[in-house]
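There are 2 protein chains.
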Amino acid sequence: MEKPIRVIQYGVGWIGAAIVRLMLEKPGLQVVGAVDADPEKVGKDLGRVAGANRDLGVPIGRDLASCAPSGADVVVHSTTSSLKQVSSELMECARLGAHVVSTCEELSYPFRKQPELSAQLDQFAREHKVALLGVGVNPGFAMDKLALTLASACHRVDRVKVHRVVDASRRRLPLQKKVGAGMTVEEFNAKVATGVIKHHGLPESLAMIADALSAPVERIEETIEPVVATQSARFESMEIPAGRVLGVHQVARGLRDGEESICLELHMFMGAPEPTDSIKISGVPDLSMQIPGGIHGDLATAAVAVNCIPAALEAKPGLRTAKDIPMCFFPGRGRS
Amino acid sequence: MEKPIRVIQYGVGWIGAAIVRLMLEKPGLQVVGAVDADPEKVGKDLGRVAGANRDLGVPIGRDLASCAPSGADVVVHSTTSSLKQVSSELMECARLGAHVVSTCEELSYPFRKQPELSAQLDQFAREHKVALLGVGVNPGFAMDKLALTLASACHRVDRVKVHRVVDASRRRLPLQKKVGAGMTVEEFNAKVATGVIKHHGLPESLAMIADALSAPVERIEETIEPVVATQSARFESMEIPAGRVLGVHQVARGLRDGEESICLELHMFMGAPEPTDSIKISGVPDLSMQIPGGIHGDLATAAVAVNCIPAALEAKPGLRTAKDIPMCFFPGRGRS
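Chains as they are written, first to last, in the numbering used here: chain A, 838 to 1173; chain B, 838 to 1173.
Bound-form chain A, shown alone (with noise of 0.2 Å):
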């Protein structure tokens, strides 16, 4: 007999909303709670917040504590970008002892960027026996997953690249405005200067590849720049003259010796033709793949966070990666 397994959704922004009208479809997930910290959406129904059209009988809840006086199996967390700031979210989850399936872009790889903080976080997981997994399509899939999982058919591995084109004017206006559409270079500048514009992930992504492989990866560079309008350009959202940026063009490389071993190039710009992931591997044999279109990142972000709970269920307690976690489309059952 299949049990559902229990979910509590850390988080109800964009993509927890996403995360929680599709575990709404899987009969075999029961969404038992619902935290977030937006005093507007505390006491709402998580059904109408998450644009469900219905009442769950789920109050959000300020805090874990609140929300879920019974517990549950998992908490799906999808709040910021930034492991610093949700370390002390997710060693909540932990003492809760349900295992934790993260959004957080740096979660999905932060061993080199943030050793002690992994360290940290892994040793607790341990001590709750809960897993921490961090997952989404990028990182955590895209650049680094698939790559990693076409290598297994490879006999040795000299050089991975990897290049994501993204049409931003397919994707939300948040995202638009993220890479920074509209704006004068002057005014992309000086959000790269201060951090704002930056898609979060590419070495954690390089970095997940590098240990994976064992590769010779000293330094990891990264360089951000805009990628200019040459003609004006009319999308539904917005018009940008020319001059203007349509979007960045983000590269990051593994060097070793001022040789490049991995490099993993994303653009992602209004108008972009040809949206694709393509990933090559230089080795015995060279092998090479391409998802024509590429994968769609709000969409696909959504469905690898719930694909991944019970891989988070089954996976061993501590910190754990994409790349230690089968991944499998999730049908949605219980379990036995």
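I should point out that these hints are in silico values taken from the structure, not numbers from a laboratory. Keep in mind it's a predicted model, so treat the numbers as computed, not measured. Each hint should be verified, as a subset may be incorrect.
The list treats identical chains as one, so a pair stands whether inside a single copy or across any two.
Said to hold, decoys possible - Listed below are the simulated BS3-like cross-link pairs for lysine-lysine, each with C-alpha atoms no more than 25 Å apart in a straight line:
1. 966 <-> 1015
2. 881 <-> 863
3. 1153 <-> 966
4. 1035 <-> 1015
Chain B: place on chain A using the hints.
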């Protein structure tokens, strides 16, 4: 401190030999024994038989007991395609307390076709606290695991279509013969009827996908047809006159009420144009993937087997398949 993983190679045929040569490149693996039923090989040094052109100090034994008195962490098993034929060998490995990575095609996903034998092997492996892991490039990767991995980015999966095109002229001669290259159509059909010509694994791949997706597949249909030369063609290994067979076109379909939800199609023939692996998922969102040139079957089977060794060590005891494990390149470190 990392210590090497101790491995026994069970079966030193073409694939087994390729696996051994690859294992010798991984410092974290120590080949401590080898078994083969062929009296011509027994007593000879594994390094010579496997084509490594040097002695390894590992004589090939007739059976497991005689070849590895002090045991091993893993047995890499590569003898034949038939699960019935190898099940006693697999049990012999489990009895030794070693995890098993096997390239036996029918082990890749045996639960539908051989439920009783599967249950028996699963029980036996659990009792001996080892994992029995069926792996390979096809079945086990190109036409199943890769599709499931891709599906982790989907909200809903309605239909899966996988198409693998292999140019048999770029593969070894035994494989060319296995697909019927050079035969008359009558010879081909006779060999299909007796089960001699057949790629093993399509129903296994299809069952793996169906079960993982909870796809409503009541029946699996399989067809095998010859691809016939319309004009004579010269290849490195043979010349094939017009009217003779170039290879196979094999299709497996997963059906419910006559409706197809999964289709796996394999073209494997001499001179096949544009070898490719392609996967097409219809769902939310649609998602398709191509590997131009295709995954090289001979190279990749050895690669997958060796790369999956760490996953076998980490897997839960019992009968396991590619679906259950993270697939990744194994750089060849030992274990800590």
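Status of the hints after comparison with the structure:
With identical chains, the CA atoms of residue 966 and residue 1015 are never at most 25 Å apart, being 37 Å at best within one copy and 50 Å at best between copies. Taking the closest pair of Cα atoms, residue 881 and residue 863 come within 25 Å of each other only inside a single copy of the chain (23 Å); across copies the shortest separation is 57 Å, beyond that limit. When the C-alpha separation of residue 1153 and residue 966 is checked against a cutoff of 25 Å, the pair qualifies both within a copy, at 8 Å, and between copies, at 17 Å. Taking identical chains as interchangeable, the C-alpha atoms of residue 1035 and residue 1015 lie at most 25 Å apart only when both belong to the same chain, with a minimum of 7 Å there against 53 Å between chains.
In the structure shown, a violation is registered for the earlier hint numbered 1 alone.
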